[in-house]
Structure formats: structure tokens, C-alpha cells
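Those protein sequences? They're chains A, B and C, same order as listed. Remember, this note's numbering sits 27 above the position in the first sequence when you count from 1. Remember, this note's numbering sits 27 above the position in the second sequence when you count from 1. Remember, this note's numbering sits 27 above the position in the third sequence when you count from 1.
Quick caveat, the hints were computed from the structure, so don't treat them as lab data. Since the structure is predicted, the reported quantities are computational estimates derived from the model, not experimental observations. Ideal Cβ positions, reconstructed from N, Cα and C, are used throughout, including at glycine. Hints may contain errors.
[Claimed, not checked] Ranges between beta-carbon positions, derived for each pair:
#1 A:G198 with C:V218: 57 to 67 Å
#2 C:A169 with A:G109: 24 to 34 Å
#3 B:W199 with C:V218: 22 to 32 Å
#4 C:R115 with A:R94: 17 to 27 Å
#5 B:L33 with A:W203: 35 to 45 Å
#6 A:L35 with C:F100: 26 to 36 Å
#7 A:W36 with C:L97: 53 to 63 Å
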Amino acid sequence: MDVLPLGLWLDLAGTFVFALSGAMLAVQRRLDLFGITVLAVSAGLFGGMLRDVALGATPPAALEDTRYLLATFAAAAVIFFGHRLMDRLLRPVMVLDALGLGLFAVSGCRKALLAGLDPLAAIILGILTAVGGGALRDMLVAEVPHVLRDEVYALAALVGAGIVAAGYAWGWSDAWAAGAGVVIAAALRIVSVWRGWRAPRAPGS
Amino acid sequence: MDVLPLGLWLDLAGTFVFALSGAMLAVQRRLDLFGITVLAVSAGLFGGMLRDVALGATPPAALEDTRYLLATFAAAAVIFFGHRLMDRLLRPVMVLDALGLGLFAVSGCRKALLAGLDPLAAIILGILTAVGGGALRDMLVAEVPHVLRDEVYALAALVGAGIVAAGYAWGWSDAWAAGAGVVIAAALRIVSVWRGWRAPRAPGS
Amino acid sequence: MDVLPLGLWLDLAGTFVFALSGAMLAVQRRLDLFGITVLAVSAGLFGGMLRDVALGATPPAALEDTRYLLATFAAAAVIFFGHRLMDRLLRPVMVLDALGLGLFAVSGCRKALLAGLDPLAAIILGILTAVGGGALRDMLVAEVPHVLRDEVYALAALVGAGIVAAGYAWGWSDAWAAGAGVVIAAALRIVSVWRGWRAPRAPGS
Numbered sequence: 028m029d030v031l032p033l034g035l036w037l038d039l040a041g042t043f044v045f046a047l048s049g050a051m052l053a054v055q056r057r058l059d060l061f062g063i064t065v066l067a068v069s070a071g072l073f074g075g076m077l078r079d080v081a082l083g084a085t086p087p088a089a090l091e092d093t094r095y096l097l098a099t100f101a102a103a104a105v106i107f108f109g110h111r112l113m114d115r116l117l118r119p120v121m122v123l124d125a126l127g128l129g130l131f132a133v134s135g136c137r138k139a140l141l142a143g144l145d146p147l148a149a150i151i152l153g154i155l156t157a158v159g160g161g162a163l164r165d166m167l168v169a170e171v172p173h174v175l176r177d178e179v180y181a182l183a184a185l186v187g188a189g190i191v192a193a194g195y196a197w198g199w200s201d202a203w204a205a206g207a208g209v210v211i212a213a214a215l216r217i218v219s220v221w222r223g224w225r226a227p228r229a230p231g232s
Numbered sequence: 028m029d030v031l032p033l034g035l036w037l038d039l040a041g042t043f044v045f046a047l048s049g050a051m052l053a054v055q056r057r058l059d060l061f062g063i064t065v066l067a068v069s070a071g072l073f074g075g076m077l078r079d080v081a082l083g084a085t086p087p088a089a090l091e092d093t094r095y096l097l098a099t100f101a102a103a104a105v106i107f108f109g110h111r112l113m114d115r116l117l118r119p120v121m122v123l124d125a126l127g128l129g130l131f132a133v134s135g136c137r138k139a140l141l142a143g144l145d146p147l148a149a150i151i152l153g154i155l156t157a158v159g160g161g162a163l164r165d166m167l168v169a170e171v172p173h174v175l176r177d178e179v180y181a182l183a184a185l186v187g188a189g190i191v192a193a194g195y196a197w198g199w200s201d202a203w204a205a206g207a208g209v210v211i212a213a214a215l216r217i218v219s220v221w222r223g224w225r226a227p228r229a230p231g232s
Numbered sequence: 028m029d030v031l032p033l034g035l036w037l038d039l040a041g042t043f044v045f046a047l048s049g050a051m052l053a054v055q056r057r058l059d060l061f062g063i064t065v066l067a068v069s070a071g072l073f074g075g076m077l078r079d080v081a082l083g084a085t086p087p088a089a090l091e092d093t094r095y096l097l098a099t100f101a102a103a104a105v106i107f108f109g110h111r112l113m114d115r116l117l118r119p120v121m122v123l124d125a126l127g128l129g130l131f132a133v134s135g136c137r138k139a140l141l142a143g144l145d146p147l148a149a150i151i152l153g154i155l156t157a158v159g160g161g162a163l164r165d166m167l168v169a170e171v172p173h174v175l176r177d178e179v180y181a182l183a184a185l186v187g188a189g190i191v192a193a194g195y196a197w198g199w200s201d202a203w204a205a206g207a208g209v210v211i212a213a214a215l216r217i218v219s220v221w222r223g224w225r226a227p228r229a230p231g232s
């Protein structure tokens with residue numbers, strides 16, 4: 028059986044679920060088929076392209092490997108025909124976005140570590156990868172991005188990327204560290220929304 | 028007679044007409060001379076800079092070759108003094124934007140093919156080049172970009188870039204393929220606005 | 028005594044004051060601790076990352092050198108605890124933004140000159156560096172960026188970068204040219220706001 032390498036698997040899965048979140052947001056805004064596709068592509072590919080350009084790994088993987096684009100088109104098609112099913116889920120955009128956040132935080136941090144960046148820089152690049160696609164998606168529909176409005180968003184990405192960096196430093200199994208990073212980052216994000224965790228405001232603001 | 032190479036000609040023409048569209052939008056928003064210049068420069072240069080950075084062709088042509096900047100300044104001056112003439116045209120921002128869309132879709136796809144990307148990646152980069160400057164222009168004035176709102180926008184860029192990629196694969200004359208790509212992409216966009224073509228919405232949305 | 032090299036000093040100072048401006052804006056928008064941090068990081072790091080990516084100097088300094096990130100965190104902490112003190116200043120976001128504008132215009136232009144770009148291209152890159160972080164900061168909170176709304180903004184960055192380029196061409200002392208560029212650009216911006224300088228609108232608009 029042919030198995031995708033871990034980095035590619037994380038990347039394609041993150042691309043697909045972020046593209047789902049973009050397409051779902053487009054449906055909620057009553058955009059048409061093209062708007063759905065554009066928002067799916069933007070949300071799915073932008074974070075990874077930022078990461079690759081910042082690493083000097085040009086052209087970005089999303090341009091060189093057709094499967095990235097196909098993943099976003101598949102997501103647009105799934106939502107175009109199946110959004111009513113999705114709607115029955117509780118807050119589908121948020122849940123998909125949380126999963127994509129975890130996947131890209133981990134994939135961005137891993138790729139940066141493999142490119143030789145030191146752990147702190149790799150964690151920052153993981154956060155940038157995770158936050159980039161969703162921020163573009165929200166700005167395109169003229170919304171203030173979640174990363175600014177929501178309490179535990181960049182923090183969840185930080186935790187996911189941090190687990191990968193710790194695993195790399197201490198020699199954990201690559202796949203286990205990646206899996207733990209994805210699951211814990213996504214869970215942290217979802218629980219924070221569900222429980223309504225709040226961060227402190229500046230005193231007197 | 029000294030003739031510009033085709034790639035540079037396409038790029039400068041696209042830069043000029045996109046800069047015109049940015050300057051015209053700035054006048055409609057009642058921005059002053061500086062706002063007009065900034066929006067002309069942003070709309071004219073951003074798409075090509077995205078393209079060059081994604082190809083790893085740094086510093087971008089728009090920084091290395093003074094003529095790009097001069098083209099955007101010329102466009103800002105033309106609009107500053109001549110916008111009332113432009114206003115008599117039917118929907119000048121839309122028409123200029125459509126022309127720039129075709130020019131940049133073709134120039135982005137050509138440059139990517141010449142850099143050795145495969146056809147599908149080159150088409151995507153063409154779309155990104157074509158859509159980038161206009162999206163930044165619209166986001167800077169806090170508008171939802173055309174590429175999301177309008178039916179046939181990214182699709183027109185796709186057709187223009189696709190013609191170039193097909194011509195490259197099948198050995199058509201470079202200049203003819205480029206010309207056909209520009210004209211057909213721009214015409215497709217203009218006709219779609221004029222006839223009010225609509226794409227389907229997601230069923231039940 | 029160990030002294031920072033001039034380029035790094037300019038960069039870190041620009042990062043710190045732009046991060047202060049971002050954090051201050053976040054407090055005014057009543058964002059919480061995380062929103063403050065994200066806006067501080069975005070405003071502080073984005074312009075320099077644009078510059079480095081456009082120069083092909085990847086990974087960007089802001090990722091490789093931990094002190095950049097620490098500078099933005101320090102700024103977020105300063106504002107979180109001290110924003111009421113800041114508020115007593117006259118228009119703190121504007122003043123900090125003006126100082127950051129001067130620092131980044133100078134640092135962007137210097138780095139581009141040292142990388143071998145010709146003076147005009149270096150000036151443009153200086154403007155892009157100076158304007159990038161503030162534009163992202165404003166767009167993230169769904170505001171039209173100052174660079175579009177305000178009369179003397181890109182122009183102040185142009186003057187600061189131009190002084191550096193002139194000093195480089197005519198062999199002035201590096202530190203003096205840089206200092207003059209920062210002070211004059213920031214002063215020009217502040218005086219223009221204070222005196223309410225207006226640029227002309229397009230005739231008949």
C-alpha cells in the first residue's frame with residue numbers, strides 16, 4: 028500500500044478542511060459557485076504559500092503539486108452540494124477552522140524544523156501558516172479575522188506547533204508528536220469556544 | 028526601431044491599466060492626490076510582485092525596473108487630470124479592470140511557463156497575478172473584492188491563462204497566443220457584466 | 028560595551044514602536060490580551076517580512092532572530108499594563124506610527140541599498156517596508172489604512188528613504204543619514220497631521 032509522507036498528508040488534510048471552512052462561509056454569505064470556489068482556494072492555499080515563501084521554498088508546494096488545488100476544488104464541490112448536511116453540525120465553520128488550525132500549525136512547524144530553523148522560529152512559522160489562510164478568508168468577506176476577535180486562537184496554534192517542536196528536540200516519534208499537536212490544538216480551540224473562555228482585557232480599557 | 032519584448036510589454040500594459048482602475052476608484056471615493064497615487068501603485072504593482080515572489084524571482088521586476096513605477100505614476104496623473112473624460116465611458120473601472128485582468132493572466136502564465144512550471148501550476152499563477160492587484164485595491168478601500176462578488180472573474184483569468192498554456196504546449200506563435208488570451212479574457216469578463224451572467228448558488232442556500 | 032549594528036538597531040526600534048501602535052489600537056478597540064498581542068506582532072513584523080521576502084533574503088530576519096518577536100511581546104506588555112499612561116499623550120497611535128514609519132523607511136531603504144538595488148528601487152522598498160505593517164494593522168481591524176486616507180504618509184516615508192539614498196550616493200556618514208531620515212520623516216508626518224495639511228483632490232471630483 029502506498030502511503031503519503033506525513034508532511035504531505037498533514038498539508039493536504041489542512042488544505043481540504045480549511046477549504047471546506049472557506050466554502051461554507053461563502054454559502055452562508057450567499058455567494059455563488061465561483062465565490063465559493065475562490066474562497067475555498069484562498070482559505071486552503073494561502074497559509075501554506077506564506078510558509079513556503081517565507082522559507083524561500085519557491086515555487087510553493089501548492090503551485091507545484093496539483094493535489095493541493097484538487098483538494099480545494101473537492102472541498103468546494105462537497106459544500107456546494109452538501110452544505111445542508113453540514114449545517115446540521117454544530118457551528119461547522121468553527122469546527123473545520125479549528126481542525127485546519129491544528130493541521131497547519133503542525134505542518135508549518137515541521138517544515139520549518141526540517142529546513143533547519145531553530146525551534147522558536149519554527150513555532151512562529153507554524154502559527155503564521157495556521158493563521159494566514161483563515162485571516163485572508165475572513166478579510167475577503169470584510170470580517171475582522173478570528174485571530175483578533177477570539178480568545179484562544181493563535182494560542183491554540185502555538186500549543187500545536189510547540190508540541191511538534193518539543194517532540195523534535197526530545198526525539199519523540201514524528202507521527203505521534205504530529206498527531207498529538209493536531210488533536211490538542213484543535214481541541215483547545217473548540218473547547219475554548221464551547222466554554223466561552225475569555226482572556227483579560229487591559230486594565231481600565 | 029526598438030521593440031519591447033512581449034513579456035515586458037504585457038506587464039507594463041497590465042500595470043498601466045490596473046493603475047488606471049485603482050486611480051479611478053480613488054477618485055470615486057474622493058481620495059486626494061496621495062490616495063490616488065497609492066491606490067494606483069498598489070493595484071498596478073501588487074499582482075506582479077506576488078507572481079515574482081512566488082516564482083522566487085527576487086527582487087521583483089516591479090522593483091528592479093523603473094518603468095513599472097513610472098507607468099503607475101503616469102496612470103495616476105492621467106486620472107487626476109482626466110477623470111471627467113473617463114467618467115463619460117461606460118463603467119470605466121470595470122472595463123479597465125477587465126483589460127488588466129486579461130493582460131496579467133497572460134503575463135503571469137507566460138512567465139511561469141518560461142520558468143519551467145508545468146501548465147496547470149502556470150495557469151494558477153496566472154490567475155493569482157491577475158486577481159492579486161485588484162483584490163488588494165478593493166480591500167484597501169474596504170470593499171469585498173470583485174473576485175468574490177462577481178460571477179465571471181477568476182474564470183475569465185483562467186480562460187486567458189489557459190489559452191497561453193495551450194499555445195505553449197502546441198507550439199502556437201507566442202504573440203498570437205498572448206493576444207488571443209488577453210482579448211478573450213477581457214471580452215469574456217466585459218460581456219458577462221453586460222449580460223448579467225449569473226452562476227448557480229448552492230442548492231437551498 | 029557591545030553595540031548593535033545600525034541596521035539591526037533601526038529594525039528593532041521600528042518593530043517596537045509599530046508594535047506599540049498596534050497594541051494601542053487593539054486596546055482602543057477593546058480587544059483582549061490575545062488580540063493585543065496579535066495586533067502588536069502583525070504591525071511590528073509584517074513590513075520587515077515583506078521587505079526581506081521581496082529581497083529574497085529568506086527566511087526573514089524577523090523569523091531568524093528571536094529579538095524581533097521579543098520586541099513585539101515587550102510592546103504588547105507595555106501597552107497592556109501602561110495604556111492609561113499612553114492615553115495622556117496626545118494621539119499616541121499617530122505619534123508612534125509616525126516614528127515607526129520613519130524607522131522602517133530608513134531601514135528598508137538601507138537594506139535594499141546594501142543588497143545592491145539601485146536607489147529608486149531601494150526607496151520604493153523603503154516605502155513598502157514602512158507602509159506594510161501599518162496597512163495590515165488597519166486592515167485587520169477593518170479600517171481603511173492611513174496610507175490611503177492621509178495626506179502626508181507615503182510621502183513622509185519617501186522623504187525618509189530618499190535622504191538615506193542620497194546619503195549613500197554622496198557618501199555621507201551612514202549613522203547621520205539614517206538619523207536624519209528617521210527624524211525628518213517622523214516630523215513631517217506629525218506636523219502634517221497637526222497642521223491639517225491637505226493635498227489637492229482631482230479637479231471636479
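Hint by hint, here is what the structure shows:
At about 59 Å, the beta-carbon gap between G198 of chain A and V218 of chain C stays in the expected band of 57 to 67 Å. At roughly 31 Å, the beta-carbon separation of A169 of chain C and G109 of chain A lies within the given 24 to 34 Å, and the hint holds. W199 of chain B and V218 of chain C have their C-beta atoms about 58 Å apart, which leaves the hinted 22 to 32 Å range violated. A hinted range of 17 to 27 Å for the beta carbons of R115 of chain C and R94 of chain A is inconsistent with their spacing of about 56 Å.
Separated by about 53 Å at the C-beta atoms, L33 of chain B and W203 of chain A break the suggested range of 35 to 45 Å. Separated by about 33 Å at the C-beta atoms, L35 of chain A and F100 of chain C satisfy the suggested range of 26 to 36 Å. For the pair W36 of chain A and L97 of chain C, the beta carbons lie near 34 Å from each other, so the given range of 53 to 63 Å is not met.
Hints 3, 4, 5 and 7 from the list above are not met by this structure, while the remaining hints are.
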